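Number of protein chains: 2
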Amino acid sequence: MFAQTPNPPYTAVIFTSCLSDDIEGYDIAAAEMVRLAQEQEGYLGIESAREKIGITVSYWCDESCAKEWKQNVDHALVQRIGAERWYRQYRVRIAIVTRDY
Amino acid sequence: MFAQTPNPPYTAVIFTSCLSDDIEGYDIAAAEMVRLAQEQEGYLGIESAREKIGITVSYWCDESCAKEWKQNVDHALVQRIGAERWYRQYRVRIAIVTRDY
Numbered sequence: 000m001f002a003q004t005p006n007p008p009y010t011a012v013i014f015t016s017c018l019s020d021d022i023e024g025y026d027i028a029a030a031e032m033v034r035l036a037q038e039q040e041g042y043l044g045i046e047s048a049r050e051k052i053g054i055t056v057s058y059w060c061d062e063s064c065a066k067e068w069k070q071n072v073d074h075a076l077v078q079r080i081g082a083e084r085w086y087r088q089y090r091v092r093i094a095i096v097t098r099d100y
Numbered sequence: 000m001f002a003q004t005p006n007p008p009y010t011a012v013i014f015t016s017c018l019s020d021d022i023e024g025y026d027i028a029a030a031e032m033v034r035l036a037q038e039q040e041g042y043l044g045i046e047s048a049r050e051k052i053g054i055t056v057s058y059w060c061d062e063s064c065a066k067e068w069k070q071n072v073d074h075a076l077v078q079r080i081g082a083e084r085w086y087r088q089y090r091v092r093i094a095i096v097t098r099d100y
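Going down the list, the protein sequences come from chains A and B. Note that numbering that gives the first Met the number 0 has the first sequence beginning at 0, numbered continuously upward. Note that numbering that gives the first Met the number 0 has the second sequence beginning at 0, numbered continuously upward.
Simulated from the structure, these hints should not be mistaken for laboratory data. Any given hint could be a false lead.
Which copy is meant is left open, because identical chains are indistinguishable; a pair holds if it fits in one copy or across any two.
[As the list claims (entries may be wrong)] Taking lysine to aspartate or glutamate pairs in the DMTMM-like style, the calculated list, with each CA pair at most 25 Å apart, reads:
#	residue 1	residue 2
1	51	38
2	69	21
3	69	26
4	69	23
5	51	20
6	51	31
These numbers come from a predicted model, not from an experiment.
Sequences are here, hints too, so could you generate the full structure?
As C-alpha cells, then:
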C-alpha cells in the first residue's frame, strides 16, 4: 500500500480533491488513472486515501514523466467528460521530494 | 478543508502511515499534532485523509519551519510514548512544491 520510492530526489504529484454529489462513472475513471500511471515511464508508486477530502500522491522519476501522465489522464478524463462533474474542488501540486525517512 | 497555500515555492511534508491495532490515545495525539502545526511559525495548512492508509500533507513556508514542527511533534509524541505503538509503518517525505493549479 506504501509506494516503494528510491532515494530522493524524485517528483511527487499531490492531488487533493472534494467530490461532488454526482460521481457516476468516477470509480472506473479513478481506476483508469491508476492503470495509466502504472504503465507510464518513470512511475514509482501511488498512495491514496479519501474521507471528507481525497488525497492521492503519485511519485515519479522526474517532472517530465509526471507531466506526461497528466496529459494522458487529462485525455482519458476528457473522453469520459467527467472531471468537471465529479469534482466540487481540486488542487494539484507538483513537488520535488528532497528527503525521506 | 483544503489548505490555502500561497504561490510556490513552499514546503510540503507528506506523512503516510498505517495504523496498528493498538491505537489507544492516537486520536488525541493526532489532534495535538495539528494544533502544534497551527501554532508554528511558517504554517500554511494541512490536509488529511485515512482509509487503508493515512495521508497527511502539511504545508510550510520553508523547510526550516517544517523541521521545527517535526521536532515539536517528536517531543510531544515521546511524551505520550505512543508513536511506536500506533504506527505499523510510516514514511515521511519532505518536498518543495514548485507548481500548483
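Quick rundown of the hints versus the structure:
Proximity of residue 51 and residue 38 under a CA criterion of 25 Å is satisfied inter-copy only: 23 Å between copies versus 29 Å inside one chain copy. In this assembly of identical chains, residue 69 and residue 21 lie within 25 Å of each other by CA distance solely inside one copy; the values are 23 Å within and 39 Å between copies. For the homomeric pair residue 69 and residue 26, the shortest alpha-carbon distance inside one copy (18 Å) is at most 25 Å, but the shortest distance between copies (35 Å) is not. For the homomeric pair residue 69 and residue 23, the shortest alpha-carbon distance inside one copy (22 Å) is at most 25 Å, but the shortest distance between copies (40 Å) is not.
Taking CA atoms no more than 25 Å apart as the test, residue 51 paired with residue 20 passes in both settings, with 13 Å inside one copy and 23 Å between copies. Both within a single protomer and between protomers do residue 51 and residue 31 lie at most 25 Å apart by alpha-carbon distance, with minima of 22 Å and 20 Å respectively.
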